[in-house]
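Asker: On the provided structure of chain A, position chain B as indicated by the hints.
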Amino acid sequence: MSQDVKTQIIEIIAEQAVLDPADVSMDQSLDDLGIDSLGLVESIFAIEETFDISVPFNANEPEQSDFDISSVAAIVKAVENLIADQKS
Amino acid sequence: MKRVVITGAGTVNALGLDVKSTLSAMAEGKCGIGELNFRDVDRLSIKIGGQIHEWDAEGRFNRQQMALYDRFTQFTLVAAEQAISQSGLEFVGELALRSGVILGTSGGGLSTQDENYRVVYEEGKNRVHPFVVPKLMNNAACSHVSMEYNLKGPSFTVATACASSNHAMGQAFNMIRSGMATAMVTGGSESMLCFGGVKAWEGLRVMSKDACRPFSLNRNGMVQGEGAAVFVFEDYDHAKARGAEILAEVIGFAMTSDASDIVMPSKQGAARAISGALTDARVNPEQVGYINAHGTGTAANDKTECAAVADALGRHADNIMISSTKSMHGHLIGGTGAVELLACIMALRDGVIAPTINYEEPDPECALDVVPNEARDANVDIVLSNAFAFGGLNAVMALKKAS
Numbered sequence: 000m001s002q003d004v005k006t007q008i009i010e011i012i013a014e015q016a017v018l019d020p021a022d023v024s025m026d027q028s029l030d031d032l033g034i035d036s037l038g039l040v041e042s043i044f045a046i047e048e049t050f051d052i053s054v055p056f057n058a059n060e061p062e063q064s065d066f067d068i069s070s071v072a073a074i075v076k077a078v079e080n081l082i083a084d085q086k087s
Numbered sequence: 000m001k002r003v004v005i006t007g008a009g010t011v012n013a014l015g016l017d018v019k020s021t022l023s024a025m026a027e028g029k030c031g032i033g034e035l036n037f038r039d040v041d042r043l044s045i046k047i048g049g050q051i052h053e054w055d056a057e058g059r060f061n062r063q064q065m066a067l068y069d070r071f072t073q074f075t076l077v078a079a080e081q082a083i084s085q086s087g088l089e090f091v092g093e094l095a096l097r098s099g100v101i102l103g104t105s106g107g108g109l110s111t112q113d114e115n116y117r118v119v120y121e122e123g124k125n126r127v128h129p130f131v132v133p134k135l136m137n138n139a140a141c142s143h144v145s146m147e148y149n150l151k152g153p154s155f156t157v158a159t160a161c162a163s164s165n166h167a168m169g170q171a172f173n174m175i176r177s178g179m180a181t182a183m184v185t186g187g188s189e190s191m192l193c194f195g196g197v198k199a200w201e202g203l204r205v206m207s208k209d210a211c212r213p214f215s216l217n218r219n220g221m222v223q224g225e226g227a228a229v230f231v232f233e234d235y236d237h238a239k240a241r242g243a244e245i246l247a248e249v250i251g252f253a254m255t256s257d258a259s260d261i262v263m264p265s266k267q268g269a270a271r272a273i274s275g276a277l278t279d280a281r282v283n284p285e286q287v288g289y290i291n292a293h294g295t296g297t298a299a300n301d302k303t304e305c306a307a308v309a310d311a312l313g314r315h316a317d318n319i320m321i322s323s324t325k326s327m328h329g330h331l332i333g334g335t336g337a338v339e340l341l342a343c344i345m346a347l348r349d350g351v352i353a354p355t356i357n358y359e360e361p362d363p364e365c366a367l368d369v370v371p372n373e374a375r376d377a378n379v380d381i382v383l384s385n386a387f388a389f390g391g392l393n394a395v396m397a398l399k400k401a402s
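Going down the list, the sequences are from chains A and B.
Each residue of the first sequence is one higher than the one before, starting from 0 at the first, in numbering that gives the first Met the number 0.
Each residue of the second sequence is one higher than the one before, starting from 0 at the first, in numbering that gives the first Met the number 0.
Rather than coming from a laboratory, the hints here were simulated on the basis of the structure.
All of these numbers come straight from a predicted model, not from anything done at the bench.
Misleading hints may appear alongside valid ones.
Covered by chain A, per the in silico footprint, the following chain B stretches (three or more residues, Cβ under 8 Å) [what the hints assert, rightly or not]:
hint, region
1, 16-24
2, 218-226
3, 252-266
Mimicking SDA-like on lysine to any residue, the simulated pairs with C-alpha atoms at most 20 Å apart in a straight line are [stated by the list, open to error]:
hint, chain 1, residue 1, chain 2, residue 2
4, B, Lys-198, A, Ala-16
5, A, Lys-86, A, Ser-69
6, B, Lys-302, A, Leu-37
7, B, Lys-208, A, Ser-64
8, B, Lys-266, A, Ser-64
9, B, Lys-198, A, Val-4
10, B, Lys-400, B, Ala-158
11, B, Lys-198, B, Arg-38
12, A, Lys-86, A, Val-4
Ranges of calculated distance between the beta carbons of each label pair, as one might list FRET restraints [what the hints assert, rightly or not]:
hint, chain 1, residue 1, chain 2, residue 2, range
13, A, Leu-37, B, Asn-378, 41 to 47 Å
14, B, Lys-19, A, Gly-33, 49 to 55 Å
15, B, Ser-402, A, Phe-44, 49 to 55 Å
16, B, Asp-17, A, Glu-10, 51 to 57 Å
17, B, Val-127, A, Phe-44, 29 to 35 Å
18, B, Asp-368, A, Ile-82, 46 to 52 Å
19, A, Glu-60, B, Leu-67, 31 to 37 Å
20, A, Ala-72, B, Lys-19, 19 to 25 Å
21, B, Val-127, A, Glu-10, 36 to 42 Å
22, B, Tyr-120, A, Ile-82, 26 to 32 Å
23, B, Glu-53, A, Asp-26, 51 to 57 Å
C-beta atoms are modelled at their ideal positions from N, C-alpha and C, and glycine is treated no differently.
Bound-form chain B, shown alone:
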């Protein structure tokens, strides 16, 4: 089996428009969540989110591109550009044929759908722009990255709600590990912060009106975010041979299904995914130093996740650090695991553990070291990243310090 390493990273999210600014915001415990600003927001009862406010789409893309790029595609392309440029890879010849794109998203071009439904239903028009379908389709971002960078190998989009990008990165990892691909561009993107997107979430009554406070006793729900993170995963031997800088090594991945409830999480399903990732990585629970939690800030997720971690890691659960960066960038749904992988890379590379901000009151049902409010310096060798989706689909990745 091949070893798999990360040789490029890129992101745009509410904390920053690149990796450097995002990681420094995470290290400072900065909150990127604020008032939402888009059409008809006054008709929503949830008015906060991790929205990217300084997004200059017209300055980044030309008119033809704008006609084809939904916001989730725009985010993806900018993050991919950063990641591929950092990797230094140029996809030509055999490498292009053996490299692909696997991305996660849940809503795809949701704001394109929202805008165009408004045009036909509310405004009563009978004609929409000819590119609505290629703009809204969930694989649009994946295809544009493939076209832009000449990636001709296995490419597709994964949609498993909140676990989409972990599932996507898991596929990319396994393709390189098995020898099927040399490099993969992978991660995820989401842009659900539009009237219809937030209105739909309001219905479930699981959203917070004031803040995302994972693991805190007074938590009152999730807060949505938007953005993307994209990585270059590469065959270790290939990266080493060309002298590439290695950000971290991906060492394990596991996925499970709860097979129980469409919204309520299951401790067993989550614990099996965590244990599975450790087994796949051939490491013991004692070697894990940090877990980037799914940590949505809902009553149900956080207590179930803590119980699952305690189950999977046994007594060692009391020694590890576990934090939820959703408190800062919000829940990016299909893109969330990708942005959160950045916190894992920061832990391994820089020895900085991102905090869980907005933490106010201990919850006896979340009695783990959640790195409350302030980042911590720590030397960790192995980290996990959890993602547990609505629908009971779980995906956990294991990463190791570059060596």
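For reference, chain A alone in the conformation it holds in the complex:
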């Protein structure tokens, strides 16, 4: 996984969680980090703006979205896939 994408996503998530990026670990879920539904849509917005991609995510059916948000690592992987798909 690209260090750059990972670093930027951790920064986005850390800002939402009001934590130092060093305190965010890859296996944590957004729930673990105390990020609620509004924090989640704000994080997705920040991800879209940062990487200039479109993230398919409907708050009504998070588990059915193609975008896996189960952990920080999952989000990084999902964003990498979207960048690969949408920038190719």
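Answerer: Same frame as chain A, now just chain B:
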């Protein structure tokens, strides 16, 4: 305290341009939601809505009126004309002084704002039409109804997002009940189906791209609608004395605030509003036959609303019918409670319970009788209409069959 009755009703919405066609569409379970059609719709990811497509504004209003009437005002005036004409009231003398207009809207003249921001920002023009402000203001519709029909009593506009028109009608109800007014023109209107209006909603990621399926396990969000519904509320003694036809009686109203979250609904706040409306109406839960649900089709609202109904009505929750007509006309935001009140009147007057259409899979968290897909004949005496707004502001009305 005065009794309060409804003696006139009017509407324009995606299901019909009057009450008769709207109620027959509801009874048939017809869907008014389809592809959106307006400028820049191709730049949206949400492309469906309950839009009024056959709206001939130029045919209804003259050039001077068009310059002052945003679409939400146009909808209001047409609905008000139907309602006041049905009531047979003429507002002159003392009656004019004791009658007013209270309407709900959330976005007001949003399409006027959208068009004019486009002119100055996108097109780089430095001049806008002189009537932009009187056209976009949230009270424009209320003021035009007041001017058109000589209504000189208490008049204002209420904006509480998705609960606006229930809050508005609740104020109208209490003013007549307390003896402060004789008749009130009340309801709500919304016209957010323009590029900026839908784009803003896209951001929250709560909108469905394909259909509004309230209470169904596979629901995936809300779908917006547009239009208006307007009613004439009147002092029962005044209506009776002049031999007016009574459509239904308004018997209770309650409002609460969740005081918890700006978007997530609270079961307690909603349940307190439902119980409050019953207490205000002095009826027991067992007397309620039908609830017109807020039923937005979002994951959060529908399960919270069902839990709140179960809390407020206790065991009787399993016996009542509860349906969401938003599945047919979409969510009219500040006008939605008004259009939904029509389904309540249909239940009381015609004994027809409007269905929740697009219902495909039962959700164990919404295990109430949601009148799936087909209207039902039933004799009900008392009904409730729920509205729960973003911001946690709840407003529930109770109505009774005319007697």
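Asker: The structure should be examined with respect to each hint, and the outcome stated for every one.
Answerer: Quick rundown of the hints versus the structure:
1. With 0 residues bearing a CB less than 8 Å from a CB of chain A, the region 16-24 of chain B misses the requirement of three and the coverage assertion fails.
2. Taking a C-beta to C-beta cut-off of 8 Å, the region 218-226 of chain B contributes 3 residues in contact with chain A, enough for the three needed, and the coverage statement holds.
3. Here's how the region 252-266 of chain B fares: 3 of its residues keep a CB closer than 8 Å to some CB of chain A, so the rule of at least three is met and the hint holds.
4. Under the criterion of a C-alpha separation no larger than 20 Å, the hint pairing Lys-198 (chain B) with Ala-16 (chain A) is inconsistent with the structure, at around 27 Å.
5. Annotation: proposed proximity of Lys-86 (chain A) to Ser-69 (chain A) is violated, straight-line Cα distance about 24 Å (limit 20 Å).
6. A C-alpha spacing of about 19 Å is found between Lys-302 (chain B) and Leu-37 (chain A), which places the hinted pair at or below 20 Å, so the restraint holds.
7. Simply put, Lys-208 (chain B) and Ser-64 (chain A) have alpha-carbon atoms about 13 Å apart, close enough for the 20 Å limit, and the pair holds.
8. Simply put, Lys-266 (chain B) and Ser-64 (chain A) have alpha-carbon atoms about 27 Å apart, too far for the 20 Å limit, and the pair is violated.
9. In summary, the hint linking Lys-198 (chain B) to Val-4 (chain A) is not supported, as the alpha carbons are separated by about 27 Å, beyond the 20 Å threshold.
10. Between Lys-400 (chain B) and Ala-158 (chain B) the alpha-carbon distance is near 29 Å, which puts this suggested pair outside the 20 Å criterion.
11. Distance hint between Lys-198 (chain B) and Arg-38 (chain B) is fulfilled; the C-alpha atoms sit about 12 Å from each other, no more than 20 Å.
12. The hinted pair formed by Lys-86 (chain A) and Val-4 (chain A) meets the criterion: a straight-line CA distance of about 14 Å does not exceed 20 Å.
13. As the Cβ distance of Leu-37 (chain A) to Asn-378 (chain B) is approximately 44 Å, the hint placing it in 41 to 47 Å holds.
14. A beta carbon spacing of about 53 Å between Lys-19 (chain B) and Gly-33 (chain A) agrees with the range 49 to 55 Å that was offered as a hint.
15. A beta carbon spacing of about 54 Å between Ser-402 (chain B) and Phe-44 (chain A) agrees with the range 49 to 55 Å that was offered as a hint.
16. At roughly 56 Å, the beta-carbon separation of Asp-17 (chain B) and Glu-10 (chain A) lies within the given 51 to 57 Å, and the hint holds.
17. The hint said 29 to 35 Å for the Cβ distance between Val-127 (chain B) and Phe-44 (chain A), and at roughly 30 Å that hint holds.
18. In this structure, Asp-368 (chain B) and Ile-82 (chain A) meet the distance hint of 46 to 52 Å, their C-beta atoms being roughly 48 Å apart.
19. A hinted range of 31 to 37 Å for the beta carbons of Glu-60 (chain A) and Leu-67 (chain B) is inconsistent with their spacing of about 43 Å.
20. Distance hint for Ala-72 (chain A) and Lys-19 (chain B): a CB-CB separation of about 59 Å, inconsistent with the stated range 19 to 25 Å.
21. Val-127 (chain B) and Glu-10 (chain A) have their C-beta atoms about 41 Å apart, which keeps the hinted 36 to 42 Å range intact.
22. For Tyr-120 (chain B) and Ile-82 (chain A), the Cβ-Cβ distance of about 30 Å falls inside the hinted range of 26 to 32 Å, so the restraint holds.
23. Taken as a hint, the range 51 to 57 Å holds for the pair Glu-53 (chain B) and Asp-26 (chain A), whose Cβ atoms sit roughly 56 Å apart.
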